[in-house]
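Enquirer: Chains as they are written, first to last, in this note's numbering: chain A, 48 to 260; chain B, 48 to 260.
Bear in mind the hints are in silico, worked out from the structure with no lab data behind them.
This structure is a prediction, so every number in the text was calculated from the model and none was measured.
Some hints could be false.
Which copy is meant is left open, so a pair is good if it fits within one copy or across any two.
Unchecked claim - Subject to a maximum C-alpha distance of 16 Å in a straight line, what follows is the list of computed EDC-like cross-link-like pairs (lysine to aspartate or glutamate): (1) K139 with D106; (2) K159 with D56; (3) K159 with E194; (4) K139 with D154; (5) K139 with D197; (6) K159 with D83; (7) K159 with D106; (8) K159 with D169; (9) K159 with D52; (10) K139 with D221.
Here is how the chains run, residue by residue.
2 protein chains.
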Amino acid sequence: MAVPDHVRDPSEIYRQSFATIRAEADLGRFSAPLADVVIRLIHACGMTDLAGDIVASADLVEAGRAALMAGAPVICDVEMVRHGVIARLMPKANPVICLLGDPRVADLATAKATTRSAAQVDLWSEHMAGAVIAIGNAPTALFRLLELIDAGAPRPAVILGLPVGFVGAAESKDELIANPRGVSYLAVRGRRGGSAMASAAVNALAAGLEGHG
Amino acid sequence: MAVPDHVRDPSEIYRQSFATIRAEADLGRFSAPLADVVIRLIHACGMTDLAGDIVASADLVEAGRAALMAGAPVICDVEMVRHGVIARLMPKANPVICLLGDPRVADLATAKATTRSAAQVDLWSEHMAGAVIAIGNAPTALFRLLELIDAGAPRPAVILGLPVGFVGAAESKDELIANPRGVSYLAVRGRRGGSAMASAAVNALAAGLEGHG
Numbered sequence: 048m049a050v051p052d053h054v055r056d057p058s059e060i061y062r063q064s065f066a067t068i069r070a071e072a073d074l075g076r077f078s079a080p081l082a083d084v085v086i087r088l089i090h091a092c093g094m095t096d097l098a099g100d101i102v103a104s105a106d107l108v109e110a111g112r113a114a115l116m117a118g119a120p121v122i123c124d125v126e127m128v129r130h131g132v133i134a135r136l137m138p139k140a141n142p143v144i145c146l147l148g149d150p151r152v153a154d155l156a157t158a159k160a161t162t163r164s165a166a167q168v169d170l171w172s173e174h175m176a177g178a179v180i181a182i183g184n185a186p187t188a189l190f191r192l193l194e195l196i197d198a199g200a201p202r203p204a205v206i207l208g209l210p211v212g213f214v215g216a217a218e219s220k221d222e223l224i225a226n227p228r229g230v231s232y233l234a235v236r237g238r239r240g241g242s243a244m245a246s247a248a249v250n251a252l253a254a255g256l257e258g259h260g
Numbered sequence: 048m049a050v051p052d053h054v055r056d057p058s059e060i061y062r063q064s065f066a067t068i069r070a071e072a073d074l075g076r077f078s079a080p081l082a083d084v085v086i087r088l089i090h091a092c093g094m095t096d097l098a099g100d101i102v103a104s105a106d107l108v109e110a111g112r113a114a115l116m117a118g119a120p121v122i123c124d125v126e127m128v129r130h131g132v133i134a135r136l137m138p139k140a141n142p143v144i145c146l147l148g149d150p151r152v153a154d155l156a157t158a159k160a161t162t163r164s165a166a167q168v169d170l171w172s173e174h175m176a177g178a179v180i181a182i183g184n185a186p187t188a189l190f191r192l193l194e195l196i197d198a199g200a201p202r203p204a205v206i207l208g209l210p211v212g213f214v215g216a217a218e219s220k221d222e223l224i225a226n227p228r229g230v231s232y233l234a235v236r237g238r239r240g241g242s243a244m245a246s247a248a249v250n251a252l253a254a255g256l257e258g259h260g
């Protein structure tokens, strides 16, 4: 019984991973900067067919980079996303925020008969103008964000809409895609998504394919 | 422009999610306790076909629960996994540990010409006897864990082997499955895996389908 030989060099692991993704994934319909984001999303989940479900506004990368360069905060729906964002890649030591653990959230969720994930979104307002928002878990959080924007909340620069699952994930992303509300966005159609993809999207906006975890 | 009506009640969202998974996923080959773990893994990623790639030792749930009830620590390869573990579900306020940020890791990785993820595993020894280990990111960490067990390191109770990606993920999990080294395990064959699945597996061992995030 012996563990098989394997690649241990981090740079070589990234090189081989990205090469495999470029060889297998259908990236033809993406601009070069957006293709880099797509590659990072695929790298985070191990599925090259994800490319077929990724939709983004044409100015996504430009808008995301500009926001980060302006010092915009990154707002995450769950701590997993926050911890997947690589702080040293953020160009202006941008704050990376998650308010799910805020002590006000539980009462707010009860009062509004919704999830804690959605309730926290009501606390985002003061950080939201020009922000990069990364939703990697809760469809209800994405729905609530869109409701607040429709109601006149401060407009974020970018919405990375990557909630996952069986109830509302596909529908909330369809709404993001169909009515972009003038906010740049990226989404993965359907049930797939998740915190790893959401943080990978933030890291890609900050650094393209450079800067590894 | 109006956000569509959608389910906001957390319990109802879970109920509908689990019902969809039971209706669509092929769970027939799993014992009832293991099926609950599989359902939680599928819930974390939105893919009902994941069931076909899940392999586990027959005693996984029993061994995992016994370890947690005995107060065993949960050791995670990345902070994302650690933050996905729901602390209040742990039956003995079990410590949930990630050593990737330990100040010794960078030098250790350089000295051993490996990833930081793998290097940290050399620091797990003092926590490893009887532990629940959750690897949701790095194939090199799983390979290193198996090497250390072969070299006589303290034996964990359970290995949740869910590294993701294109270089070594499938191979490291194949090695875990082929040579379980007497340690209970769960793995997802192939490239899929990730921190959300890894923390979902820990949460499922602690609480089955009860206890939501």
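Enquirer: A separate judgement is required for each hint: does it hold in the structure or not?
Expert: Going through the hints against the structure:
no.: 1; hint: K139 with D106; result: neither (21 Å within a copy, 49 Å between copies)
no.: 2; hint: K159 with D56; result: between (50 Å within a copy, 10 Å between copies)
no.: 3; hint: K159 with E194; result: within (14 Å within a copy, 51 Å between copies)
no.: 4; hint: K139 with D154; result: neither (34 Å within a copy, 27 Å between copies)
no.: 5; hint: K139 with D197; result: neither (30 Å within a copy, 45 Å between copies)
no.: 6; hint: K159 with D83; result: neither (39 Å within a copy, 30 Å between copies)
no.: 7; hint: K159 with D106; result: neither (35 Å within a copy, 43 Å between copies)
no.: 8; hint: K159 with D169; result: within (11 Å within a copy, 48 Å between copies)
no.: 9; hint: K159 with D52; result: between (55 Å within a copy, 15 Å between copies)
no.: 10; hint: K139 with D221; result: neither (32 Å within a copy, 42 Å between copies)
The structure does not agree with the numbered hints 1, 4, 5, 6, 7 and 10 stated previously, though it agrees with the rest.
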